[in-house]
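Colleague: Now for the letters of each chain:
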Amino acid sequence: MVHSPSHTAHTDTNPPDSQVDLYGPTSSILELRSVSCAYDLSRPAIRNISFSIREGEILCLLGPSGCGKTTILRAIAGFEPVRSGQIFLSDRLVSSCAETVPTEERRVGMVFQEYALFPHLRVADNIAFGLHQLSRAERTSRVQEMLQLTGLEGLERRYPHELSGGQQQRVALSRALVQNPVLLLLDEPFSNLDPDMASRMRQDLHALLHRTKTTTILVTHDHDEAFAMADRIAVLNCGEIEQLDSPELIYHLPATWFVADFVGQADFITGQIQQGVVRTELGAFPNTIDGIEGAHVVVMIRPDDIHLIPNKSAEPRIVARQFRGSENLYTVQLPSGQVVHGSESSTSVYHEGTAVELRVSATHTVLFSAEPPPCS
Amino acid sequence: MIAVRRSSISALQLAVLASAALILLPLGYVTTLALSADPAVWQRLWATRVPELLLNTVSLAGAVALLTLVLGVPTAWMVTRIEFPGRRLWEVALVLPLAMPTYVLAYVYNYLLGFGGPVEQLWQLVAGPQARIFSPQSFWGVTLVMALDTFPFVYLLTRSALLSFNGSFEEVARTCGASRLRTMLSVTLPLLRPSIVAGVALVVLYVVSDFGAVSLLRYQTLTYAVFQQMTGRSDNQAASILSILLVVLALLFLLAERWFRRKSRFYQTTGHYRAPQRIQRGWLHTGLLTVCLATVVGLAFGIPTSLLVMWSLSQEAQAILDTRFFGFVWNSALLSSLAATAAVLVGLPLAYLASRKPTWLNLGCLQAAYAGYVLPGPVAALAVLVLFLKIMPFFYGTVLVLVVAYVLHFLPAGLQSLEPSIQQITPNLEEVARTLGLGVQETWRRVTLPLIRNGVIVAWVLIFLQTMKELPATLLLRPVGFDTLAIRVWLEASEEYYQLAAPSALLIVLVGLPALLLLLSRDWRAA
Numbered sequence: 057m058v059h060s061p062s063h064t065a066h067t068d069t070n071p072p073d074s075q076v077d078l079y080g081p082t083s084s085i086l087e088l089r090s091v092s093c094a095y096d097l098s099r100p101a102i103r104n105i106s107f108s109i110r111e112g113e114i115l116c117l118l119g120p121s122g123c124g125k126t127t128i129l130r131a132i133a134g135f136e137p138v139r140s141g142q143i144f145l146s147d148r149l150v151s152s153c154a155e156t157v158p159t160e161e162r163r164v165g166m167v168f169q170e171y172a173l174f175p176h177l178r179v180a181d182n183i184a185f186g187l188h189q190l191s192r193a194e195r196t197s198r199v200q201e202m203l204q205l206t207g208l209e210g211l212e213r214r215y216p217h218e219l220s221g222g223q224q225q226r227v228a229l230s231r232a233l234v235q236n237p238v239l240l241l242l243d244e245p246f247s248n249l250d251p252d253m254a255s256r257m258r259q260d261l262h263a264l265l266h267r268t269k270t271t272t273i274l275v276t277h278d279h280d281e282a283f284a285m286a287d288r289i290a291v292l293n294c295g296e297i298e299q300l301d302s303p304e305l306i307y308h309l310p311a312t313w314f315v316a317d318f319v320g321q322a323d324f325i326t327g328q329i330q331q332g333v334v335r336t337e338l339g340a341f342p343n344t345i346d347g348i349e350g351a352h353v354v355v356m357i358r359p360d361d362i363h364l365i366p367n368k369s370a371e372p373r374i375v376a377r378q379f380r381g382s383e384n385l386y387t388v389q390l391p392s393g394q395v396v397h398g399s400e401s402s403t404s405v406y407h408e409g410t411a412v413e414l415r416v417s418a419t420h421t422v423l424f425s426a427e428p429p430p431c432s
Numbered sequence: 045m046i047a048v049r050r051s052s053i054s055a056l057q058l059a060v061l062a063s064a065a066l067i068l069l070p071l072g073y074v075t076t077l078a079l080s081a082d083p084a085v086w087q088r089l090w091a092t093r094v095p096e097l098l099l100n101t102v103s104l105a106g107a108v109a110l111l112t113l114v115l116g117v118p119t120a121w122m123v124t125r126i127e128f129p130g131r132r133l134w135e136v137a138l139v140l141p142l143a144m145p146t147y148v149l150a151y152v153y154n155y156l157l158g159f160g161g162p163v164e165q166l167w168q169l170v171a172g173p174q175a176r177i178f179s180p181q182s183f184w185g186v187t188l189v190m191a192l193d194t195f196p197f198v199y200l201l202t203r204s205a206l207l208s209f210n211g212s213f214e215e216v217a218r219t220c221g222a223s224r225l226r227t228m229l230s231v232t233l234p235l236l237r238p239s240i241v242a243g244v245a246l247v248v249l250y251v252v253s254d255f256g257a258v259s260l261l262r263y264q265t266l267t268y269a270v271f272q273q274m275t276g277r278s279d280n281q282a283a284s285i286l287s288i289l290l291v292v293l294a295l296l297f298l299l300a301e302r303w304f305r306r307k308s309r310f311y312q313t314t315g316h317y318r319a320p321q322r323i324q325r326g327w328l329h330t331g332l333l334t335v336c337l338a339t340v341v342g343l344a345f346g347i348p349t350s351l352l353v354m355w356s357l358s359q360e361a362q363a364i365l366d367t368r369f370f371g372f373v374w375n376s377a378l379l380s381s382l383a384a385t386a387a388v389l390v391g392l393p394l395a396y397l398a399s400r401k402p403t404w405l406n407l408g409c410l411q412a413a414y415a416g417y418v419l420p421g422p423v424a425a426l427a428v429l430v431l432f433l434k435i436m437p438f439f440y441g442t443v444l445v446l447v448v449a450y451v452l453h454f455l456p457a458g459l460q461s462l463e464p465s466i467q468q469i470t471p472n473l474e475e476v477a478r479t480l481g482l483g484v485q486e487t488w489r490r491v492t493l494p495l496i497r498n499g500v501i502v503a504w505v506l507i508f509l510q511t512m513k514e515l516p517a518t519l520l521l522r523p524v525g526f527d528t529l530a531i532r533v534w535l536e537a538s539e540e541y542y543q544l545a546a547p548s549a550l551l552i553v554l555v556g557l558p559a560l561l562l563l564l565s566r567d568w569r570a571a
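Same order as they appear, the protein sequences are chains A and B.
Quick note: the first sequence uses the numbering used here, first residue 57, plus one each step.
Quick note: the second sequence uses the numbering used here, first residue 45, plus one each step.
Bound conformation, chain A alone (with noise of 0.2 Å):
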C-alpha cells in the first residue's frame, strides 16, 4: 500500500493558487507555504506542504496512519513547531522557524479523535470553557443556542461519562464551534463511533457546517468519510501531499498510482505504447501521458468501468464472487494469469468459472509508468 508518487499529472496539484483562480479572488482563511516539520521518531515528518482555503470550504486531508496528516493539522493548530516555511491564518503569520504563535492566541477550534472532554466539567461547563471572558448571562445564552444546534438540549447537567459515543462528540464539536472559531480542526472524529452512528453524524456535521459556514480541515483515513464530508481533498502519502482535487477528480483522475489505490478498489493493466495507442489486454486505450513509442505503462481500470457479459468462447474465467448488497464483485482471471475485478447489480449471478468477456468503458483513461517506485 505504501506506493509513492509516480510522477505524471503531478505538476498542477501543487502550488495552490491555481486552484484559488478557479474559485475566484477569495481571501484565503488559511495558507500553508511549503511547510515542514522536524523529524522526531515518534511523529511522522511532513515535507513541503503547501495548500490553502477558503472561507466555509470543508477541506479533507486523507492518507494512511504515519502519512503526516494529524501532524499538518497539529502545526495549524500551533502544537507542533514548524522548521521550514510559514502558515498563514486569515493573513497573519503564525508559524515560521523563527517564531510559533501560542495555540491559545490562534482561534482555532479543534475536535480530538477521543474528543477529549474535560471529565471533572458538566457538560454545559465543557461548552463554555473557552468563553471565560464573557459575562456569565451571555456565556449561558451562547451555551444554550449552541445546544440547541447540536441538538444536545436536557443534557447540559450531565458529565461526559455519562453520555453516548455521538453524544460525546456533539459536546466536543460545540465547544470548539460556540468560540466562532476562525477554522475548524477534526482529527479522525468518527473513528470512535460504530459505523451506523458514524455515517449518520457523518451527514449531521456536513450540514451543520454547511449552516454555520464552517471552515474546516477534516483528517481522515477513510475514503467515504472524505467523499461524504469534503469540498476537496488532499491525499498524502509519507509526509508530502500527492495530490489535492475535488472528489470526483481524485477518484476518477487520480494523479499518482497511490492515490489511485488508495480511494478505492483499483487494478493496473500493464500494456504497452504502439503506434500511438496503449495496447493491453484488455484493447486499446488513447495515449493520454504522450509516452514514447514502445514504453510500458499501467492503465488504472476501476471496477465499475468493467462489464462483465457470459460468454462460452471468451477466455477470461470468473474466480471469485463477492456479494456487496447492492452489488456483486467479481474477480476475473485473464488468459496472462492478470486478475481484474468487475462489479454488476446483485441481480445478476454468475457462478465461479464463468466464461466471460469484458467490456471497458471508462470514461477517463488513467496511465501511470510502468512500476511504482517505493516509499522513499
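Among the hints, a few may not be true.
Under 7 Å between C-beta atoms, here's a sample of chain A residues computed to sit facing chain B [to be verified]:
#1 135
#2 155
#3 159
#4 185
To list a few chain A residues with every Cβ distance to chain B over 12 Å, as calculated [to be verified]:
#5 161
#6 186
#7 252
#8 380
To give an idea of the interface, some chain A residues facing chain B are shown, with a C-beta separation under 8 Å as derived from the structure [stated by the list, open to error]:
#9 164
#10 166
#11 170
#12 176
#13 344
Because the hints were derived from the structure by calculation, they are not lab data.
Keep in mind it's a predicted model, so treat the numbers as computed, not measured.
For every residue, glycine included, the Cβ atom is placed at its ideal position computed from N, Cα and C.
On the provided structure of chain A, position chain B as indicated by the hints.
Modeller: Just chain B, lined up with the frame of chain A:
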C-alpha cells in the same frame, strides 16, 4: 470427584474463617477492653491527655501533608514534563527516601539540627555566636523529618498520574483560548487531584501511625502515648482507649479519602490517548532544576546516608561489629522471614476465595484482613498482647506473639499485591485445566500457582522488608534479650550514641533499597 472438590473447598473456607478470626479477635478484644473501662478512666484521660494528643496528632498530620504536597507535586512535574540531562536519574532518586525508616531519619536530624550540631554551627557563623535554630525535638523538627521521609508517596502517585495523563486535555484547552497557566489550574490540576489526594492520604496514615520519629524526637502523639501507657504505666486499659481513638481517627481520614475518590472515579481517561510532550530546556533551567532536586534528595537521603556511612566507618562503630551484631542481623532476618511466610499463607486463601467465590462471607473476611491498614504498630502489638495474656498466657514472650502481631499489621500490604495477581487470572484457565483431567489440587499446583507466583513473591518481599524496619511492635513484644537491627538503632539513638546506631541503620536502609524498585514498577493508583 465432586466429593474431593467439596472437601477441599471447605478446608479452604475454614482457613479463611480462621484467618479472619486471627485478625478480628485481637481487635474485638481491645475494643471490649476499652469500652468496658471504668468511665472514670475515660474521664481522666479525656480531661488530661486526649485534647493535647489529638491536637498534636492532627496538626502534625496537616503540616506534614502540606509540606509533602510542596515537595512531591512539583518534583513529579519536573521529572515527567521537562526534558533535561539527568532526568531519569532524578526520577529514581526521588523515591530513595522511602528506604529510610522514620527513626533513622529522625536520629540523623537529631544530630544535624541538635544543640551544637553542624547546622547550628553554620548558622552561628552567619548570624552570630548566640543565634539558635529550631530544635529537632519540636513540632517543626518532627514535621520536617516526617515530610522528608514521606513525600515520595505524593511524588509517586502524582508521577504515575502525570505519566498516564492524556495530553489532549491540555491541548484542547489551549485551542479554547486558555493560557498555559489557566490550563494548568483549571484542567491539569483538577484531573490530577484524585491521585494527589490518594498520595496525601498515604502520608497522613503514615504520620498518624508513626512511632519511630516521634519517640526519638519526643513529640507526643496518640501512637506514642499508646506505647507509653503500655511500657511506662503498664496500663493496658488506658492504652486501649487511646488506641480506639487512634483507629477512629485513621478511619475518618481513610473514609474521607475514599469518599473523595468515589466522587472522582470517572476522572479516568478512556480510549485513545496521546502522551504529553516534554518541554525541552536549556542549560540555565537544567542548572536550576538540578539544584532544586539535589536539595530535596540530598536532605531526605543523600546527607543522612553519607552521615551513616561516615559513622559506620568510625572506630566506635567498627568495635561493635562482632558476633553480637551478626546475632541481631540473624534475628531480624529470621523474624522477617517468619512474618512474611505466615502473612502470605494467611493472605492467599483470603484473596483467592474472595475472588473466586465472592460471597458476603468471603468478602467480609477479606475486608477484615484490611483492618490492619488503620492499625498503628503499637495498637497491633497491644491487641495481640492483651488477647494472648487472656487466653494463652504461656505464649507471652515468645516469637509466636510477635509473628501474629506482624501478620495483623502487614497483611494489608501483602494483600495489595496478592489480590490483583489472583484477579488477573481468568477462572477459565482453571476450568480448562479441569476439563483436561486435572484435579483441584493439581490445577492449583500446575496452573494457578505458577501464574500468581510473581504476585506472591512481591508480597513476600514487601512484608519481609516492612518487618525488617518495624519498631514499636517489636519493642513491645520481643522475647527478653531478643534484639533486632531496628531495636538496636532505636536503643542507641535514644541514648544519642550516633556512631553505634549507624551500622544497623545503614544495613536497614541498604536492604530496603530493592523494595523501591517494586514500588516504581507497580501501578500506584491501585494502592
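Colleague: Would you list, in rising numerical order, the hints stated earlier that this structure does not obey?
Modeller: 2, 5, 6, 13
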